[in-house]
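S.K.: Residue strings, one per chain:
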Amino acid sequence: MTIAAIVEWASMGRHGLYVWLAYGSSLVVLAALVLESRWSAARLWQDIEADIVARKESDQS
Amino acid sequence: MGALKTLWHRLGSPRWFYGMLAPWQFGFGLAAMVLLSIGTIWGLVFAPADYQQGDSFRIIYIHVPTVILAQSAYMMLGAAGFVLLVWRMKMADVAMVAIVPFGMAITALGLFTGAVWGRPTWGTWWVWTDARLISTLVLLFLYFGLYALRQAITNAEAAGRACAVLAIVGLINIPIIKYSVEWWATLHQGSTFSVTKVSMPMQMWAPLLANVLGMYCLFGWVVTRRMRTEVLRRERDTAWVTELIGSRS
Amino acid sequence: MMNLLTGQLAREFLLVSRVRTDVLNPLIFLLLAVTLFALALEGRPQTLQAHAPAVLWTLVLLTNMLALDGLFRRDFDDGVLEQLFLQADAPYVAILSKLIVHWLVTGFAMVVCVPLLGLGLYLPGDVLPVLMLALLLGTPTITCLGAIGAALTVGLRRGGAILALLVLPLLIPVLIFGVSAVNRVVEGDPPLAELYWLAALSLASITAAPFAVSAALRISLEQ
Chain A
1 MTIAAIVEWA
11 SMGRHGLYVW
21 LAYGSSLVVL
31 AALVLESRWS
41 AARLWQDIEA
51 DIVARKESDQ
61 S
Chain B
1001 MGALKTLWHR
1011 LGSPRWFYGM
1021 LAPWQFGFGL
1031 AAMVLLSIGT
1041 IWGLVFAPAD
1051 YQQGDSFRII
1061 YIHVPTVILA
1071 QSAYMMLGAA
1081 GFVLLVWRMK
1091 MADVAMVAIV
1101 PFGMAITALG
1111 LFTGAVWGRP
1121 TWGTWWVWTD
1131 ARLISTLVLL
1141 FLYFGLYALR
1151 QAITNAEAAG
1161 RACAVLAIVG
1171 LINIPIIKYS
1181 VEWWATLHQG
1191 STFSVTKVSM
1201 PMQMWAPLLA
1211 NVLGMYCLFG
1221 WVVTRRMRTE
1231 VLRRERDTAW
1241 VTELIGSRS
Chain C
2001 MMNLLTGQLA
2011 REFLLVSRVR
2021 TDVLNPLIFL
2031 LLAVTLFALA
2041 LEGRPQTLQA
2051 HAPAVLWTLV
2061 LLTNMLALDG
2071 LFRRDFDDGV
2081 LEQLFLQADA
2091 PYVAILSKLI
2101 VHWLVTGFAM
2111 VVCVPLLGLG
2121 LYLPGDVLPV
2131 LMLALLLGTP
2141 TITCLGAIGA
2151 ALTVGLRRGG
2161 AILALLVLPL
2171 LIPVLIFGVS
2181 AVNRVVEGDP
2191 PLAELYWLAA
2201 LSLASITAAP
2211 FAVSAALRIS
2221 LEQ
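Residue numbers (the working numbering), protein chains in the order written: chain A, 1 to 61; chain B, 1001 to 1249; chain C, 2001 to 2223.
No wet-lab data here; the hints were simulated from the structure. On a predicted model such as this, the values are computed, not experimentally measured, just so you know. All C-beta atoms in this analysis are idealised placements derived from N, C-alpha and C, irrespective of residue type, glycine included. A hint or two may mislead.
Unchecked claim - Computed footprint of chain A on chain B; a stretch qualifies when at least three of its residues, placed anywhere within it, have a C-beta under 8 Å from a C-beta of chain A:
hint : region
1    : 1036-1045
2    : 1060-1071
3    : 1213-1227
4    : 1238-1247
Unchecked claim - In the EDC-like style, the derived pairs of lysine to aspartate or glutamate whose C-alpha atoms are separated by at most 20 Å in a straight line are:
hint : chain 1 : residue 1 : chain 2 : residue 2
5    : A       : Lys56     : B       : Asp1237
6    : B       : Lys1090   : B       : Glu1182
7    : B       : Lys1090   : C       : Glu2222
8    : A       : Lys56     : B       : Glu1157
9    : A       : Lys56     : B       : Glu1235
Only chain A is shown next, with the shape it has when bound in the complex (with noise of 0.2 Å):
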């Protein structure tokens, strides 16, 4: 595959602008749904072993 033919394929017939801003658009919307979903997962956990080790400590003392 040459450098040409991968520019080709890119430009997509003229509509290349269209149909990048279609797919990224879209990837940037998907891979924010997925990050924010795992983040917000690994903050809650992060927030209840805080609260465990808390409760430990004051439970010791």
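With chain A fixed as given, assemble chains B and C onto it according to the hints.
M.R.: This is chains B and C only, laid out in the frame that chain A set:
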């Protein structure tokens, strides 16, 4: 019947529910990655260009799955709302909490990719006289309403049931809204995609099918992930959560 | 059953007659908003006439949102709603009479007032009967669907904006057919289909709304 009854009782147990969803989440995630990669690469690289629309046709492979999911997600919201109101199953409320953000994002994305597709194909980003555009916009407003209502009501249980009522009322109204807007002239094409009636060559609909299935799996992953988070959040002070998180750290 | 209904209706009317500003404020708002539109369109008769159906119907929807916000609030605050739900499992009669009275003082009041505003916007006189008929058939849907939203948000301190967000998307068909009916007559065609649609929507929402309102009120009371 006995097995069903056991399942029903287990669904009432957050602990069982949390564990049960883990393999589903993994499976959905894996399937989504595989299917969406196959469908997107196939659609962008190997599928032939449309003889009329040229390469802008390739937007169909991302636009149609998002719009299908926008509607499917709302139907599942309505179904979950019904289950919550009739059987008072708490996990239905958890499902509603998890579905709304996905629905909001995917509906907005469907509108945006549709506009981007419409520009080269019909020469306009947006028309006010097309039933599908307007009903998708209304869908976005319904998602906003559900989100806003849940934020506004402080009592979590009441918020869930209020959202369930709203989701069901919205579900009944969507077809009415759609048919009423269809009164106006339409400049959209007829619906191009259905599983039973294939109006496109295999090289074109196969990647579309892969992306639709992939998007359902992505929906499955996001919803199961968020449901598990929501279960943990609601159960954070119980013994099983303390045990679960204490044993992993 | 009938006695119960008339008794409830009498009570609602008494309540409404005691707080007349609740009835008058939305109508004054409507008049004010039409004035703003007329001035914003620089008072040009042709522009005003062309936009009158759209302006009037949009403002009818928005004004109803203002009026609906208070539909259950007073009864919610002073505990009357709670009493109603203690007496009956689902007090449909009480809810229905509330809806009827509310429609009479807002929806029906608009049926009477809006044609006058239409005249002010240079709508031709022969269009006004259809505008009135469309309003008569359309406003019950607004009241019924709006009541569901009002019941869901009655427990909130600031329900107004969220009520509009919940209800207005569902009222798009009423707006479409209402405007379309008037425009149809302006073009010289009979607006039968639109009026049938409006009537069908109203019948469906009158039938279904009391159940949804009752469920929503019960949820709001549990908070």
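S.K.: Given the hinted pair lysine 1090/B and glutamate 1182/B, is their alpha-carbon gap at most 20 Å?
M.R.: This hinted pair is violated, its Cα atoms lying about 38 Å apart.
S.K.: Examine the region 1036-1045 of chain B: at least three residues should have C-beta closer than 8 Å to a C-beta of chain A.
M.R.: holds (count 3)
S.K.: Sort out whether glutamate 2222/C lies within 20 Å of lysine 1090/B, counting only the CA atoms.
M.R.: 16 Å, holds
S.K.: Take the region 1238-1247 of chain B, compare each residue's beta carbon with every beta carbon of chain A, and decide whether three or more fall closer than 8 Å.
M.R.: holds (count 4)
S.K.: Taken at face value, is the distance from the CA of glutamate 1157/B to the CA of lysine 56/A at most 20 Å?
M.R.: 31 Å, violated
S.K.: Counting residues of the region 1213-1227 of chain B whose CB is closer than 8 Å to a CB in chain A, do you get three or more?
M.R.: holds (count 5)
S.K.: Between lysine 56/A and glutamate 1235/B, does the CA-CA distance stay at or below 20 Å?
M.R.: 18 Å, holds
S.K.: Verify the proposed pairing of lysine 56/A with aspartate 1237/B, using a straight-line Cα cut of 20 Å.
M.R.: 14 Å, holds
S.K.: Quick check: do three or more residues in the region 1060-1071 of chain B have a beta carbon closer than 8 Å to a beta carbon of chain A?
M.R.: holds (count 3)
The structure does not agree with the numbered hints 6, 8 stated previously, though it agrees with the rest.
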